[in-house]
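> First to last, the protein sequences are chains A and B. Just so we're aligned, residue 1 is where the first sequence starts under this note's numbering, counting upward by one. Just so we're aligned, residue 396 is where the second sequence starts under this note's numbering, counting upward by one.
Each hint should be verified, as a subset may be incorrect.
[As the list claims (entries may be wrong)] One side only, chain B facing chain A, incomplete, derived with CB under 10 Å:
1. 448
2. 449
3. 472
4. 490
5. 492
Rather than coming from a laboratory, the hints here were simulated on the basis of the structure. Cβ coordinates follow ideal geometry from the N, Cα and C atoms, glycine included.
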Amino acid sequence: MVDQKTLAATGNSLVAEAIRQCNPDVIPAYPITPQTTVVEELAKFVAQGRMHAEYINVESEHSAMSASVGASAAGARVATATSSQGLALMWEELHIAAGMRLPIVMFNANRALSAPINIHCDHSDIMGARDTGWIIMFAETAQEAYDNTIMAFRIAEHPDVLLPVLTTADGFITTHSIDRAEVMDDETVAKFVGEYVPTYALLDTDNPTSHGNFAGLAGPYFEFKKQERTAIDASKPVIKQVGEEFSELTGRPFDLVETWGMEDADIAIVVIGSTAGNARHVARDLRTKGVKAGVVKVRVFRPFPAEELRTALKGVKAVAVLDRSESFGAEGGPLFLEVRSALYDLETRVPLVNYIYGLGGSDVRLELMEQVFSDLSDIASGATAPFGLTYLGTR
Amino acid sequence: MATLKELTSNPERLAGGHRLCAGCGASIAVRQILLAAGDTPLVAGCATGCLEVSTTIYPYSSWRVPFIHNAFENSAATVSGVEAAFKGLQRAGKIPANKKMKFVAFGGDGGTYDIGLQSLSGAMERGHDMVYVCYDNGAYMNTGIQRSSATPMGAWATTSEVGKAQQGKQQRRKDLTSIMAAHGIPYAAQASVSHWRDLTTKAEKAFAVEGPAFLNVLAPCPRGWRTASNQAIAIAKLAVQTGFWPMFEVEDGVWRQTVKVPERKPIEEFLKPQGRFKHLFTPENAEFLVTIQAEVDKYWEYIQKRCACEG
Numbered sequence: 001m002v003d004q005k006t007l008a009a010t011g012n013s014l015v016a017e018a019i020r021q022c023n024p025d026v027i028p029a030y031p032i033t034p035q036t037t038v039v040e041e042l043a044k045f046v047a048q049g050r051m052h053a054e055y056i057n058v059e060s061e062h063s064a065m066s067a068s069v070g071a072s073a074a075g076a077r078v079a080t081a082t083s084s085q086g087l088a089l090m091w092e093e094l095h096i097a098a099g100m101r102l103p104i105v106m107f108n109a110n111r112a113l114s115a116p117i118n119i120h121c122d123h124s125d126i127m128g129a130r131d132t133g134w135i136i137m138f139a140e141t142a143q144e145a146y147d148n149t150i151m152a153f154r155i156a157e158h159p160d161v162l163l164p165v166l167t168t169a170d171g172f173i174t175t176h177s178i179d180r181a182e183v184m185d186d187e188t189v190a191k192f193v194g195e196y197v198p199t200y201a202l203l204d205t206d207n208p209t210s211h212g213n214f215a216g217l218a219g220p221y222f223e224f225k226k227q228e229r230t231a232i233d234a235s236k237p238v239i240k241q242v243g244e245e246f247s248e249l250t251g252r253p254f255d256l257v258e259t260w261g262m263e264d265a266d267i268a269i270v271v272i273g274s275t276a277g278n279a280r281h282v283a284r285d286l287r288t289k290g291v292k293a294g295v296v297k298v299r300v301f302r303p304f305p306a307e308e309l310r311t312a313l314k315g316v317k318a319v320a321v322l323d324r325s326e327s328f329g330a331e332g333g334p335l336f337l338e339v340r341s342a343l344y345d346l347e348t349r350v351p352l353v354n355y356i357y358g359l360g361g362s363d364v365r366l367e368l369m370e371q372v373f374s375d376l377s378d379i380a381s382g383a384t385a386p387f388g389l390t391y392l393g394t395r
Numbered sequence: 396m397a398t399l400k401e402l403t404s405n406p407e408r409l410a411g412g413h414r415l416c417a418g419c420g421a422s423i424a425v426r427q428i429l430l431a432a433g434d435t436p437l438v439a440g441c442a443t444g445c446l447e448v449s450t451t452i453y454p455y456s457s458w459r460v461p462f463i464h465n466a467f468e469n470s471a472a473t474v475s476g477v478e479a480a481f482k483g484l485q486r487a488g489k490i491p492a493n494k495k496m497k498f499v500a501f502g503g504d505g506g507t508y509d510i511g512l513q514s515l516s517g518a519m520e521r522g523h524d525m526v527y528v529c530y531d532n533g534a535y536m537n538t539g540i541q542r543s544s545a546t547p548m549g550a551w552a553t554t555s556e557v558g559k560a561q562q563g564k565q566q567r568r569k570d571l572t573s574i575m576a577a578h579g580i581p582y583a584a585q586a587s588v589s590h591w592r593d594l595t596t597k598a599e600k601a602f603a604v605e606g607p608a609f610l611n612v613l614a615p616c617p618r619g620w621r622t623a624s625n626q627a628i629a630i631a632k633l634a635v636q637t638g639f640w641p642m643f644e645v646e647d648g649v650w651r652q653t654v655k656v657p658e659r660k661p662i663e664e665f666l667k668p669q670g671r672f673k674h675l676f677t678p679e680n681a682e683f684l685v686t687i688q689a690e691v692d693k694y695w696e697y698i699q700k701r702c703a704c705e706g
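Construct the entire structure; sequences and hints are all you get.
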């Protein structure tokens with residue numbers, strides 16, 4: 001383990017610090033609440049000469065990702081950040097960045113999507129990116145946002161992967177709250193992430209290559225997409241390996257799925273992001289009352305950790321999946337759909353219910369978690385689940 | 396400025412054998428502009444469009460320079476990223492400090508006047524050391540001749556149809572070159588593939604300046620203009636001679652007409668050889684033709700004034 005400095009800082013500040021320490025060559029940046037302080041701090045680092053990066057004040061998020069694609073194809077290490085409408089505006093470019101196999105790292109401050117307009121936390125924006133080919137990591141805390149961002153560069157640039165990575169934290173809750181965190185020194189981080197050596201760089205003018213070619217005449221397009229699938233599948237062992245190395249370095253555990261109390265849990269909540277803490281808090285209380293409650297936190301959503309979830313949830317009597325976003329018209333939220341699909345392969349069916357909660361920053365009170373666990377206890381003791389999907393905490 | 400002999404001895408950076416149509420103005424523009432860039436290392440980018448799909452059919456590429464295509468509306472933003480990478484990597488010491496490079500982005504009028512205008516404006520405002528070239532053939536030709544804001548007034552297109560209720564495009568074309576000049580960039584110019592010397596000179600100037608430069612090049616599309624393939628250059632020349640396409644440059648804010656037209660031909664001479672304007676030559680459209688001529692006159696006089704005042 002290395003020596004680390006303990007700080008009190010916001011999630012955004014720690015993400016900016018992580019990006020600075022990873023030493024990108026180009027930062028295309030466009031402000032959006034609640035990501036703004038990330039690009040502000042990066043602009044300050046550049047102005048102070050603490051980063052060599054070329055900072056591009058793009059005129060939109062679409063151009064932020066377009067310039068990221070250009071810079072990454074040129075051979076640069078590229079980092080950027082966005083949120084909500086900005087991520088939605090990038091949608092076209094997200095697919096292109098992944099399809100062109102460019103290891104861009106982007107931080108997303110998870111925020112609701114319009115309409116109606118709302119600047120607070122939910123996962124509507126990031127879940128809209130779930131099928132774009134990006135690796136997607138979630139943070140519960142500011143510390144995890146810092147850690148994920150550093151690991152993201154290693155994962156993205158790994159030769160077996162070469163895919164862009166989205167690291168995320170919950171808007172305002174994690175991005176703006178001051179939290180305790182441990183940070184490594186610059187040299188340790190630089191050594192951990194290493195130097196990016198691109199395989200095919202536009203700026204290698206002695207060996208000209210064409211990027212983004214037309215593969216529209218049957219055949220090759222399909223082959224390229226298969227390679228993309230192979231790459232994101234291959235990212236899983238890479239993420240595990242990088243996580244292990246990171247844990248050894250920092251003493252902080254990392255896994256795609258992190259569990260609490262799941263060794264003997266009868267009932268469990270599956271959750272993403274900052275709400276995991278609320279769920280654990282209530283589970284801990286319930287344990288003192290003899291209820292075997294557990295919590296499963298999904299830290300990496302793409303590639304989806306289906307095997308890990310099967311292992312964690314096998315034999316549990318009732319499971320609630322908490323979704324902070326909608327998949328309107330589907331049988332549940334995005335996380336629920338994926339978890340249910342993963343559990344289908346278990347021989348014994350695990351009773352599964354879905355709650356939509358906290359949209360647009362709607363307060364996630366402990367009572368809501370208590371209600372979920374109480375429903376689960378009823379189901380575990382034989383009550384028929386009266387619902388498939390419940391809106392938690394609405395009138 | 397390079398002589399013709401010098402230009403022809405420069406490397407051919409767009410290889411023959413691409414799939415653009417015979418008589419396509421875009422390939423002529425690209426070839427002449429790249430010749431004018433000399434042998435300095437260069438990265439080219441291109442918006443989605445005819446030029447892109449016809450020169451990069453996987454696994455082939457006609458580009459003998461590093462090339463990137465990203466999407467339709469973002470050729471400028473993409474190449475601005477490439478240029479920024481060059482600066483960032485030079486600052487990091489990963490590219491020698493004395494290495495010189497050029498960056499050029501191409502786009503058609505749909506990808507430039509319309510969907511790519513914001514991306515272009517942003518890149519020009521930020522001052523990237525790059526040249527943006529619009530090959531203007533006056534419609535979305537790759538998708539099958541749809542009207543753009545560069546389509547001339549009166550032109551037929553598949554989305555500005557001709558019928559009882561409407562006679563082709565009703566609006567004037569957008570004056571993009573002036574819009575780009577208004578960004579205060581070091582160099583902006585309007586050129587035509589029919590005037591190779593003027594075009595290569597403007598391209599040389601565009602590459603020579605430090606900072607952003609913009610070239611708007613009239614590039615006939617025989618398929619969309621409904622003309623014979625061997626008429627492209629002749630018709631582009633008529634665009635200049637009628638004053639439809641004034642040839643000018645704005646160098647450090649100074650406007651200058653680069654091709655004088657002492658006696659402008661009537662606009663009919665440009666319109667008549669093109670099938671896309673054939674409906675205009677009916678008695679019912681006589682007045683519309685007068686309006687079109689008046690629009691051409693107005694634009695011509697505007698450019699004359701700007702060049703007279705400041706050049």
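> Next step is simple, just say for each hint if it's right about the structure.
Cross-check of the supplied hints:
The interface hint given for residue 448 of chain B is met, as the beta carbon of that residue sits about 5 Å from the closest beta carbon of chain A, less than 10 Å. Hint status for residue 449 of chain B: holds, given a least beta-carbon distance of 8 Å to chain A, under 10 Å. Evaluation of the residue 472 of chain B hint against chain A yields a held restraint, the C-beta minimum of about 4 Å falling below 10 Å. Given hint, residue 490 of chain B at the interface with chain A, holds; its Cβ is 7 Å from that chain's nearest Cβ, closer than 10 Å.
This hint is violated: residue 492 of chain B has a C-beta 13 Å from the nearest C-beta of chain A, more than the 10 Å allowed.
Checked against the numbered hints given earlier, this structure breaks only hint 5.
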